[in-house]
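Quick note, the sequences are listed as chains C, L, S and W, same order.
Residues in the first sequence are numbered from 1 upward in steps of one, following this note's numbering.
Residues in the second sequence are numbered from 1 upward in steps of one, following this note's numbering.
Residues in the third sequence are numbered from 1 upward in steps of one, following this note's numbering.
Residues in the fourth sequence are numbered from 1 upward in steps of one, following this note's numbering.
To be clear, the hints were calculated from the coordinates, so they are not data collected in a lab.
This structure is a prediction, so every number in the text was calculated from the model and none was measured.
Among the hints, a few may not be true.
[To be verified] Covered stretches of chain L, as calculated for chain C (at least 3 residues, CB under 8 Å): (1) 10 to 23; (2) 38 to 44; (3) 47 to 57; (4) 61 to 68; (5) 73 to 83; (6) 88 to 95.
[As the list claims (entries may be wrong)] Simulated restraints, written as ranges between beta carbons of each label pair: (7) W:P92 / L:Q3: 46 to 54 Å; (8) W:E78 / L:P92: 48 to 56 Å; (9) L:K90 / S:E94: 36 to 44 Å; (10) W:A89 / L:E78: 51 to 59 Å; (11) C:K11 / S:E94: 46 to 54 Å; (12) S:D77 / W:P92: 29 to 37 Å.
Glycine included, every Cβ here is placed at the ideal spot set by N, Cα and C.
4 protein chains.
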Amino acid sequence: MNQQTIERIRKFTEERDWDQFHSASNLAKSIVIEAAELLECFQWSDTEYDLQHVKEELADVMVYCQNMLDKLGLDADEIINSKMDQNEAKYPAEQAKGSSAKYDAYLKK
Amino acid sequence: MNQQTIERIRKFTEERDWDQFHSASNLAKSIVIEAAELLECFQWSDTEYDLQHVKEELADVMVYCQNMLDKLGLDADEIINSKMDQNEAKYPAEQAKGSSAKYDAYLKK
Amino acid sequence: MNQQTIERIRKFTEERDWDQFHSASNLAKSIVIEAAELLECFQWSDTEYDLQHVKEELADVMVYCQNMLDKLGLDADEIINSKMDQNEAKYPAEQAKGSSAKYDAYLKK
Amino acid sequence: MNQQTIERIRKFTEERDWDQFHSASNLAKSIVIEAAELLECFQWSDTEYDLQHVKEELADVMVYCQNMLDKLGLDADEIINSKMDQNEAKYPAEQAKGSSAKYDAYLKK
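Given the sequences, and given the hints that come with them, work out the whole structure.
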């Protein structure tokens with residue numbers, strides 16, 4: 001997401017004075033609610049879906065993620081790179097490569 | 001998210017040959033699963049939460065969102081700006097401003 | 001769920017004095033969190049899953065549903081039969097029968 | 001849920017020939033989708049909610065849970081009592097009693 005898009009999201013919230021509803025907890029609820037709407041695109045079929053609908057729901061998830069970053073004063077690149085450090089240490093490429101079984105063992109807790 | 005972070009996420013998937021598991025449907029499931037783990041940080045309290053844990057779970061949601069963008073060949077800024085066009089038309093600032101009741105009426109379907 | 005099982009769930013909460021944490025909102029969060037753990041059993045495969053794990057996660061969802069019924073003083077059969085009245089009116093058997101397209105059109109909003 | 005309600009749910013599915021869409025995986029998706037709609041009743045407020053809407057969404061979650069029990073040939077009381085055996089062993093009443101901190105430590109993984 002580029003800076004212009006981020007500013008547009010912030011301005012949207014500010015102009016409506018909606019920051020008051022954006023507690024971290026409410027935003028966490030909102031992210032899961034939108035994520036479930038995204039999943040609904042695939043509820044009865046894994047392969048046939050309405051791409052336009054998928055785009056809209058995915059965008060909703062990402063907008064609420066940005067709202068949460070803003071609420072908590074977090075930087076997307078910083079928290080993602082920290083998590084990727086963990087992921088790379090946890091799933092070494094040579095061991096994890098191409099194996100569904102290993103993928104499963106690694107990714108399922 | 002900057003280009004370097006995006007490339008790191010892509011390389012992580014490629015090096016492990018995990019693209020084969022990243023159907024749009026599986027990624028939609030993954031996004032909601034991680035979103036629920038984020039919500040778990042707020043399960044019993046809206047105000048007391050482990051910020052480090054929140055950062056990690058929010059990062060997980062965002063990484064899977066990027067995986068889905070990549071899978072479907074989508075651009076984050078494009079889909080978010082299209083959705084913001086819709087949002088701005090749907091919730092005019094002057095009407096929506098600062099009112100919880102209006103916020104509710106607007107945002108709840 | 002029979003009465004004995006319902007009583008066991010109630011006693012479990014009472015003996016731990018946990019009713020204080022069971023606001024309707026916290027229980028709604030808990031239901032979606034457990035539902036996502038159930039979905040995790042199917043995250044990377046629709047057909048290969050650990051049945052024992054599925055049983056445990058489905059049980060968790062149902063226990064929290066019972067907790068919510070208790071919290072709000074609701075009766076499972078009453079609310080389900082009311083909803084089934086709506087469903088039967090909304091999806092007449094003769095029209096909905098056996099058609100995936102119709103199923104889709106009916107069930108997707 | 002009494003036997004009559006269970007039979008009504010089964011008959012509803014049979015008469016529409018919808019069992020073909022009820023894979024365990026699709027039902028897991030459906031449960032989380034409905035659970036998120038239940039959560040949506042509490043998206044912006046923990047205390048003000050539309051009880052009628054809550055009833056309908058909770059009923060939807062429970063109907064899909066019954067669909068999954070039926071699909072996998074499971075008995076609600078059996079899987080719930082097995083899980084309650086685990087819960088009682090894991091959270092001894094005398095230790096867990098009334099403490100939010102303990103509740104947290106116990107319930108959060």
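To test your reading of the hints: which numbers does this structure violate? Nothing - there is no hint that the structure violates, so all of them hold.
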